[in-house]
Each structure stands twice: as structure tokens, then as C-alpha cells.
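Engineer: Residue-level listing of the chains:
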Amino acid sequence: MIEVKELNKYFGDLHVLKGIDFNVDESEVVCLIGASGSGKSTMLRCLNFLEMKNSGEIKLKGESIDPNSDDLNGVRQQVGMVFQHFNLFPHKTVLQNVIEAPIQVKKISKSQAKKEGHELLEKVGLGDKADVYPSKLSGGQKQRVAIARALAMKPEIMLFDEPTSALDPELVGEVLQTMKDLAQEGMTMVVVTHEMGFAREVADRVVYMHDGKIVETGAPKDIFENPKEVRTQEFLSSIL
Amino acid sequence: MYLGFVTFWSGFFQSLIESRDVFFKAAQVTLALTAVSIFIALFIGLFFALLKISNVKPLEWIANAYIYVVRGTPLIVQIFVFFYGLTSIWMISGFWSVALGLAFHNGAYIAEIFRGSIQSIGKGQTEAGRSLGMSQMVTMRRIILPQAFRRALPPLGNQFIIGLKDSSLAAFIGVQEIFALATTRGANTFDYMTWLLVCAVWYLILVFILTLVVGLVEKKLAVSD
Ligand SMILES: Nc1ncnc2c1ncn2[C@@H]1O[C@H](COP(=O)(O)OP(=O)(O)O)[C@@H](O)[C@H]1O
Ligand SMILES: [Mg+2]
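Sequence lines, in order, name chains D and V.
At position 190 of the first sequence the residue is numbered 190 (full-length UniProt numbering), and the sequence of numbers has no breaks.
At position 54 of the second sequence the residue is numbered 54 (full-length UniProt numbering), and the sequence of numbers has no breaks.
Just chain D, with the same shape it has in the complex (with noise of 0.2 Å):
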């Protein structure tokens, strides 16, 4: 689904990515983890062409992409994002924050999106919320609400930048169910995360991330149990 080769990104003279290679499948939940400056954020958000890369290769259903010219704006409509702090519309309800994009962007008539947008509300549980303007719901909500946002575009892959970070603890599960329930479905998704445990339980492969390279990658089970790298053992063991 994603292949990215030899992967630079510098901001400045900081060299941020530093030759990173990484693929995705079809279907397959990858976590991202990674001590804070690792540049886990700024490899998601090269995925969608938020950040430019420098050098490098990256490829979209086999489609090498050129910002230069290629339609990125086309890219990005296949390539959710959620991110940390949620970003939802505060001046639109939480229905017009679902379908603003497929009215705007994908051209479909009113009445499909409200109806679209209504069932994706009910799937991440916020159906009676539909009316509701975003500064009336809570974190966990509001971070719902920004999934079936990005949902309603009707993505190949979610990307999703420590979703559950800003947080309020007794929130986190409701929002990592809804993500649980999507991998479920089957929804490719690459998941930068500190919650180790659901690493552990959804994700197909896990990634370690150090200072711009990717130090290890594998089974969830054998990066928590077993891991190979010193580095990988140090920041497991500084977390858990």
C-alpha cells in the first residue's frame, strides 16, 4: 500500500529523517514508537505530503508520487489523518466538520453526505451528536469525531499522530476501541503511539524509531518480548 526508499527530510540543517525505508500493506496496522524528537510525526506527515520531503522515494498503491506534480491534493483524499490535538472546525456542528470535506473536495450531493455522515457518527458511537458544535464534547469525543471525519473521505489508509496523547486517561479506551473497531474492518493504518498496550494487541507490526532511523521493526511480540536492539530494549525498558 505505502513504500517509502531511502526517505531524507531536514528542517533547516537538522537532519530529521535520515534515509528511513518502511512499507505498508494492505490491511496491516503499523505502530510507530519512539522516544519524543524521533521524528515519528514528521515521517506520518511526509505520507500525506504535509511535510515535503528532501530525498527519497515514496510510493502509493505502487504509484510513485511527485509533489511537484502529482495532484496532492488527489493524495491526501486517500490518506486519513488524525492527529494529536484533534483540529476539528470549531465554527462547523460535528456533522458539518463529517462532510465538509466530501461536499467541498469530492463534489457529492448534500443529502448523501448527512446521510453518510450520520452513519459514520453512529459507528463511533457519537450519533446523538451530530448537532452538537465541537467546544460541547469532551477529548475522547472530539477525537471520534475526527476519525469519522476522515473516514468520510473514504481513505485506503488512516495515519494517526499520537491520537490518544492529549488525553484526559479515562478517555483513552473509548478512542482506541473505535480504532481497535477499524482495524477490525480491516482499514490500513499507521499508528504513532505511546500506548504500548494497544501496540501490542492490534498492531500487526511495530516500529521503533530513533533519532531519524528506523532501529527495529517486527512482531509485536517480539519487539515488547524479545527485542534485538539495545537501543529497542533501552526505551522499552524506560517505559514500561
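FYI, nobody ran anything at the bench for these hints, they're computed from the structure.
Wrong hints could be hidden among the right ones.
[Claimed, not checked] In silico SDA-like cross-links for lysine to any residue, where the CA-CA straight-line distance does not exceed 20 Å:
#	chain 1	residue 1	chain 2	residue 2
1	D	K136	V	D225
2	D	K92	V	E218
3	D	K228	D	L240
4	D	K92	V	L221
5	V	K219	D	Y133
6	V	K219	D	S135
7	D	K92	V	F149
8	V	K123	D	A166
9	D	K106	V	M137
10	V	K123	D	H91
11	D	K92	V	V223
12	D	K110	V	R141
13	V	K123	D	R45
14	D	K59	D	G19
15	D	K136	V	A222
16	V	K123	D	H85
17	D	K92	V	V217
18	V	K123	D	K106
19	D	K92	V	I162
20	V	K219	D	T93
21	D	K136	V	R150
22	D	K92	V	I121
23	D	K106	V	R141
24	D	K136	V	Q125
25	V	K220	D	T93
26	D	K106	V	E127
27	D	K107	V	M140
28	V	K123	D	K59
29	V	K123	D	Q84
30	D	K92	V	S135
31	V	K220	D	D131
32	V	K123	D	P90
Let chain D serve as the given structure and place chain V with the ligands on it in line with the hints.
Structural biologist: Below, chain V with the ligands without anything else, positioned relative to chain D:
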């Protein structure tokens, strides 16, 4: 002394009441001048605000030059330049040349208000829009501007009030608005003080109404809070 005081104020109230019809007419001219100029200024302001945040250097320079000129020269000079400039090339009334002059003037301040409010909307909003496949244009129009406009309302209301009061300068090129009427009356009756105060009362009423309207709009837009 006491008697003089009483005579003056009773004369003032009498004048205020007796002249209400003509001043009401003049107030309509003031309001029309303000409404037209502010309406045009909103578009000018939005246009130059977008130039300023375009990240295209020459466009930013154009916007900066415009704002610099407006800020750096007296409004009365701008109005006269518009009046003489426009009326010499165009069959245009005094009213419209002042309206355009005021629009040109207020546009610069409104540009700064819009620029500030647009930049105050977090980067996350743009990223959310773009990540959903929205173009930069659509993101600006549907996500950023509605929020920015709401944030701009209090300073915009302030600018509207300034614009309303500044429209009094139209008197200097013969537009029959409130201030022009008051000075004419003052000259005819040799009683400037009474008529200036009548004029002040009318401005206070208009500002009061304008403040009310802006407050209502703010309230209406605050439903999402
Ligand atoms: N927009 C940016 N400008 C400059 N430096 C940045 C920017 N975004 C991230 N960085 C830097 O890049 C490095 C990696 O950041 P990030 O990808 O956010 O890491 P992580 O998500 O793993 O915590 C950090 O050193 C961070 O300070
Ligand atoms: Mg991060």
C-alpha cells in the same frame, strides 16, 4: 450666570427637536457614506490581507506600500486627492469620491485587522483541511476565513465607528451630511456651539446603533462557543 446656563440648554434642546427632520436626512447621508465605504473597504482589506500573507514577496511589498501610504498621510489629504483626482477624469459625485476615498483609507486598517485574525487561527486548522484533500483556496474560504472573520469582529466594529466619524470630513467637499449641516446652521445663526452639540448627539446615536448591530452579529456568530 445660572439663567444663561438654563437658556442655553433649553435653546439647545429646542434646536435639537425642531431640526430633527433635516438632521435625520443628513444622518442618512452619513450612514450611506459609512455603509458604502466600509462595505468596499472590507473587500479591499481582505484582498490586501491575502496579499500580505501570500508568501510572495512582490505581493507583500504592494500590500505594505499601500498600508504605508494610507497610514502615513492625513485622511483629509487622501479625500481631497480622491475628490480632485476622480472628478477630473470621471463624472463622479462628491459623495462617491468621498466614499471611495474613505474605502481606500479604511481598507488599509481593515487589511491589518484581517491579517492579524487570519494569522491567529492555528496551523492545525489548515493542516486538517489540507489533510482532507481540500485545496488551499477551499481551506481558506471554508475553514480559515469564517473563523478569522469572527475574531476580527470586535476590532472591525471599532474600525466601523472610526469610519462613521471620519465620514464627517465629507463636509469639506460639500456633501450634505451631519457635520456639514451643523456648520451651515452654525454660520447662519451665529450659534456654532448649539449646532455642534446637536451634531454630536446625532453621531452618538449613530455610534450607539452601530455598536448594537455589531454586538448582535457577534452574538449570532458565537453560537459555536
Ligand atoms: N516544523 C519544524 N521545524 C523545525 N524543526 C522541526 C519541525 N517539526 C519537527 N521538528 C524537529 O524535528 C525533530 C523530529 O520531530 P518530530 O517528528 O515531531 O518527532 P516525534 O513526533 O517523534 O516526537 C525534532 O527535533 C523537532 O524539533
Ligand atoms: Mg510527534
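Engineer: Give me the numbers of the hints this structure contradicts, sorted from smallest to largest.
Structural biologist: 18, 19, 28
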